[in-house]
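Those protein sequences? They're chains A and B, same order as listed.
For the first sequence, this note's numbering assigns the number 1 to the initial residue and increments by one for each residue that follows.
For the second sequence, this note's numbering assigns the number 1 to the initial residue and increments by one for each residue that follows.
There could be a bad hint or two in this list.
[Claimed, not checked] Simulated pairs of lysine to aspartate or glutamate, EDC-like, Cα-Cα distance not exceeding 20 angstroms: (1) B:112 <-> A:246; (2) B:89 <-> A:597; (3) B:113 <-> A:513.
[Claimed, not checked] In silico contact screen, one side only, chain B against chain A (beta carbon under 10 angstroms); selected entries: (4) 9; (5) 11; (6) 14; (7) 19; (8) 95; (9) 137.
[Claimed, not checked] Pairwise CB distance ranges (calculated): (10) B:12 <-> A:529: 34 to 42 angstroms; (11) B:15 <-> A:417: 36 to 44 angstroms; (12) A:367 <-> B:125: 24 to 32 angstroms; (13) A:11 <-> B:12: 34 to 42 angstroms.
Don't read these hints as lab results, they were simulated from the structure.
We put the CB at the ideal spot given by N, CA and C, even for glycine.
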Amino acid sequence: MFPELGRFALILALYFSLVQALSPVWGYYKKNSVYFKLSKMAVIGQFIFLSFAMLSLIICFINNDLTVLYVREHSHDLLPLIYKMGAAWGGHEGSLLLWCLILSAWTLAFSIFSSLFHPDQTELQEKILMVLGIISFGFILFLFATSNPFQRDFPDNVIIGNDLTPILQDPGLIFHPPMLYFGYVGFAIGFAFAIAALIEGKLDKEWAAMCRPWIILPWAFLSLGIVLGSWWAYRELGWGGWWFWDPVENASLLPWLSATALIHTLIVSEKRSVFKGWTILLAIVTFALSLIGTFLVRSGVLVSVHTFASDPTRGIFLLSYLTIIIGGAFLLFAARIKYFYQAPHFKLFSRETFLLVNSIVLLSAVATIVIGTLYPIILDALNAGKISVGEPYFNTVFIPIMLPLLFLMGLAPHMNWGQQSFSDILKKLNFTFFFSLILGFFSPLLLGFEFHLLTGLGLFFGIWIILATIQYAYQIFRTQHKIPLQNWSMIVAHLGIAIFALGITINKSYSTEKQIKIAPQESVQIAGYHILFQNLATSKGPNYKSIQADFLINGTRTLTAEQRLYTAHQEFLSKPGISTNIWRDIYIALGNSISDDSWSVRLYYKPFVRWIWFGGIMLLIGGFMSLLNYLIKRRVVKHEIH
Amino acid sequence: MKFIKYFFPFILFLALMVLLLRGLSLHPSEVPSPFINKPAPSFQLPSLFDRNKMTSNQDFIGHVTLLNVWATWCVVCAEEHSVLSEIAKNSNVVLIGLNYKDSQAEAIKWLKKRGNPYHIIGVDQTGNSAIDWGVYGTPETFLIDKKGYIRYKQIGPISPQTWEQKLKPMVEKLQKEE
Numbered sequence: 001m002f003p004e005l006g007r008f009a010l011i012l013a014l015y016f017s018l019v020q021a022l023s024p025v026w027g028y029y030k031k032n033s034v035y036f037k038l039s040k041m042a043v044i045g046q047f048i049f050l051s052f053a054m055l056s057l058i059i060c061f062i063n064n065d066l067t068v069l070y071v072r073e074h075s076h077d078l079l080p081l082i083y084k085m086g087a088a089w090g091g092h093e094g095s096l097l098l099w100c101l102i103l104s105a106w107t108l109a110f111s112i113f114s115s116l117f118h119p120d121q122t123e124l125q126e127k128i129l130m131v132l133g134i135i136s137f138g139f140i141l142f143l144f145a146t147s148n149p150f151q152r153d154f155p156d157n158v159i160i161g162n163d164l165t166p167i168l169q170d171p172g173l174i175f176h177p178p179m180l181y182f183g184y185v186g187f188a189i190g191f192a193f194a195i196a197a198l199i200e201g202k203l204d205k206e207w208a209a210m211c212r213p214w215i216i217l218p219w220a221f222l223s224l225g226i227v228l229g230s231w232w233a234y235r236e237l238g239w240g241g242w243w244f245w246d247p248v249e250n251a252s253l254l255p256w257l258s259a260t261a262l263i264h265t266l267i268v269s270e271k272r273s274v275f276k277g278w279t280i281l282l283a284i285v286t287f288a289l290s291l292i293g294t295f296l297v298r299s300g301v302l303v304s305v306h307t308f309a310s311d312p313t314r315g316i317f318l319l320s321y322l323t324i325i326i327g328g329a330f331l332l333f334a335a336r337i338k339y340f341y342q343a344p345h346f347k348l349f350s351r352e353t354f355l356l357v358n359s360i361v362l363l364s365a366v367a368t369i370v371i372g373t374l375y376p377i378i379l380d381a382l383n384a385g386k387i388s389v390g391e392p393y394f395n396t397v398f399i400p401i402m403l404p405l406l407f408l409m410g411l412a413p414h415m416n417w418g419q420q421s422f423s424d425i426l427k428k429l430n431f432t433f434f435f436s437l438i439l440g441f442f443s444p445l446l447l448g449f450e451f452h453l454l455t456g457l458g459l460f461f462g463i464w465i466i467l468a469t470i471q472y473a474y475q476i477f478r479t480q481h482k483i484p485l486q487n488w489s490m491i492v493a494h495l496g497i498a499i500f501a502l503g504i505t506i507n508k509s510y511s512t513e514k515q516i517k518i519a520p521q522e523s524v525q526i527a528g529y530h531i532l533f534q535n536l537a538t539s540k541g542p543n544y545k546s547i548q549a550d551f552l553i554n555g556t557r558t559l560t561a562e563q564r565l566y567t568a569h570q571e572f573l574s575k576p577g578i579s580t581n582i583w584r585d586i587y588i589a590l591g592n593s594i595s596d597d598s599w600s601v602r603l604y605y606k607p608f609v610r611w612i613w614f615g616g617i618m619l620l621i622g623g624f625m626s627l628l629n630y631l632i633k634r635r636v637v638k639h640e641i642h
Numbered sequence: 001m002k003f004i005k006y007f008f009p010f011i012l013f014l015a016l017m018v019l020l021l022r023g024l025s026l027h028p029s030e031v032p033s034p035f036i037n038k039p040a041p042s043f044q045l046p047s048l049f050d051r052n053k054m055t056s057n058q059d060f061i062g063h064v065t066l067l068n069v070w071a072t073w074c075v076v077c078a079e080e081h082s083v084l085s086e087i088a089k090n091s092n093v094v095l096i097g098l099n100y101k102d103s104q105a106e107a108i109k110w111l112k113k114r115g116n117p118y119h120i121i122g123v124d125q126t127g128n129s130a131i132d133w134g135v136y137g138t139p140e141t142f143l144i145d146k147k148g149y150i151r152y153k154q155i156g157p158i159s160p161q162t163w164e165q166k167l168k169p170m171v172e173k174l175q176k177e178e
């Protein structure tokens, strides 16, 4: 019964999205605000029915209803309950349903909070709800037409489920896709803001202030989603790496980069009334990249380690959808952007210029990743042969683009709006500059580590950002006797990037790995650690068999590396044993048995690897601080009105 | 005409859409090889561990061969490598490697770390031989019979299932042929 109810709920949600999109237009012609209220009601209705559809799907999984095709393909009797629930979005259909549900949740949040905090901005809100309604309608239609998760199928003989792909049976699966989607999908609101501004022909301070939290919050979620994904790959894929430049990873990085640029131009638009065209363009591009990411992942155009099932009609539908929504937005942009031109009132050496350079650099980074990811298709489409683009390309092209940005990051907060004297900034920062330069380049030598130019450069820039940012915080504290929350959010986010950069630099430069053949009671040395292979045990999990190897590190701590055989898929999965502290990870992956008692084992020593993810989490904290600041400020403003 | 530049994002976007539309009709993982049941393209490449030694079509004669195209920069190859090691251990099919567009030092390091399942490895630094073979990515594996004819082409990694269900029965059949 639940599959039918879920399907029915989807139909209702589809109609509600249509009402949400059309009633503001109707209200505009009728000059009646009742229709705006109707649109808001439709938002609520849509959210309720999509939640119900998702719930029905989860119930199908919990009941292990194998007559539902989607459940049969992704579940198994013996799959643990928590993964049964997670499996609801482990495949194509379910993850699209999640996409729609999250869009509807964002829309609901927007409709509640914007009328609470900006009750006078109804015209803007109407247009935003209309745009979001159109986006939602398209996606629910897509779900309905090509990817129905509730499709029934009654086979003749007894059936068992296909089981969830073993690699996805990890706590990471429960949180990683929803987080990514909260990020991706959230950018729809920023996109709707941009369209509304284009329709109205104006972008003022109020617009920018109102828009900001709806960019920063998805951006913070996306940061967390990327961090979770990278952490998941690190633990599950067993290769000891944390980023693979896989198309699916690139798809999540692209909107993140352009949203980062957007956050910065938005500040300039709010404070200095310039770069309005840039802000609008970036808002469109960010959402476009989210959609293109969805397309790339879902259509099977690219082959990746994530490989999902592909179906050409889905690709065609998504592509038409993209062309209508984003192509329409770009046309509108071309037609209306002349109203937003503002003569620049700043000098070349100023904070404005730096923030402009920031967005140009980030967009160039986006372009290089897009080219690298699509290059195989471009060549193929031109019949010029088939190739694959791998890590060497991205490392060669991406790193030199991003390095100067790290340098600018330390500098930009110290720049004045409008104009900055060069000698002032030199005086202010020369000590910090030379101190971090020396520390960055000489500390590896002094501590007796191998030295590479890129290591020195990475350390220098990381330390430079930290010191320059702390200096900036100290200056604010000296003049204002406190540090406002808005500044805190920037400080924390920038320090997060610095920690991230230091983590990558040290990890890349000083990681070591060994692949060895080892038998129980033999031992091995890696990076000064003595590792003893203690014993081997076998056990049985709910849907897999496993072999566990215990390793004793320095005679004190035990690590267990595991090799699982998932019975339904007949697929092996290596679960590495990882010992963690803030300075390093020791990572042991059990390979194949070589002879009766000896095994192939891979050992990694990974210094500072946790810093990479910790930096990402600081971005999230920075984002939430900025949001908190917005909430507090808005409350203050409201009190003043009363 | 002054504002024509504002159409630039739209034009760029449209070009991208056309490209993606074209991309949809391409099947990256389903390209049939025109070489099936034909003699393997002739090639002669220096061997990875001994540059004076040559790998060529002669190495196919008299036994069933799996020619595996790999590279150290290919993430999936690392995953496939453990399966190949199993095959090398448990089956008497001859594994020949084709190291594709790679650094030789890296390749040697990679194999020293992971073990070498290959009988011999040809180095194709320019990728020219790979073009003759119709290789477009890594990993790819060709099944070659005792007379040096290509009988099957596997695109993408060999998983334990594809080996057990597809390749192994074919290898066993070919081994019975004269």
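Now the hints, each set against the structure:
1. B:112 <-> A:246: violated (26 angstroms)
2. B:89 <-> A:597: holds (15 angstroms)
3. B:113 <-> A:513: Holds, at about 9 angstroms.
4. 9: holds (5 angstroms)
5. 11: holds (9 angstroms)
6. 14: holds (7 angstroms)
7. 19: Check passed: Cβ of residue 19 of chain B comes within 6 angstroms of chain A, closer than 10 angstroms.
8. 95: Since chain A brings no Cβ nearer than about 16 angstroms to residue 95 of chain B, farther than 10 angstroms, the hint is violated.
9. 137: OK, holds: residue 137 of chain B within 10 angstroms of chain A, min 4 angstroms.
10. B:12 <-> A:529: 34 to 42 angstroms: violated (52 angstroms)
11. B:15 <-> A:417: 36 to 44 angstroms: 37 angstroms Cβ-Cβ, so the 36 to 44 angstroms window holds.
12. A:367 <-> B:125: 24 to 32 angstroms: Given a distance of about 29 angstroms, which is inside 24 to 32 angstroms, the answer is holds.
13. A:11 <-> B:12: 34 to 42 angstroms: holds (37 angstroms)
Violated hints, in rising order: 1, 8, 10; the structure is consistent with all others.
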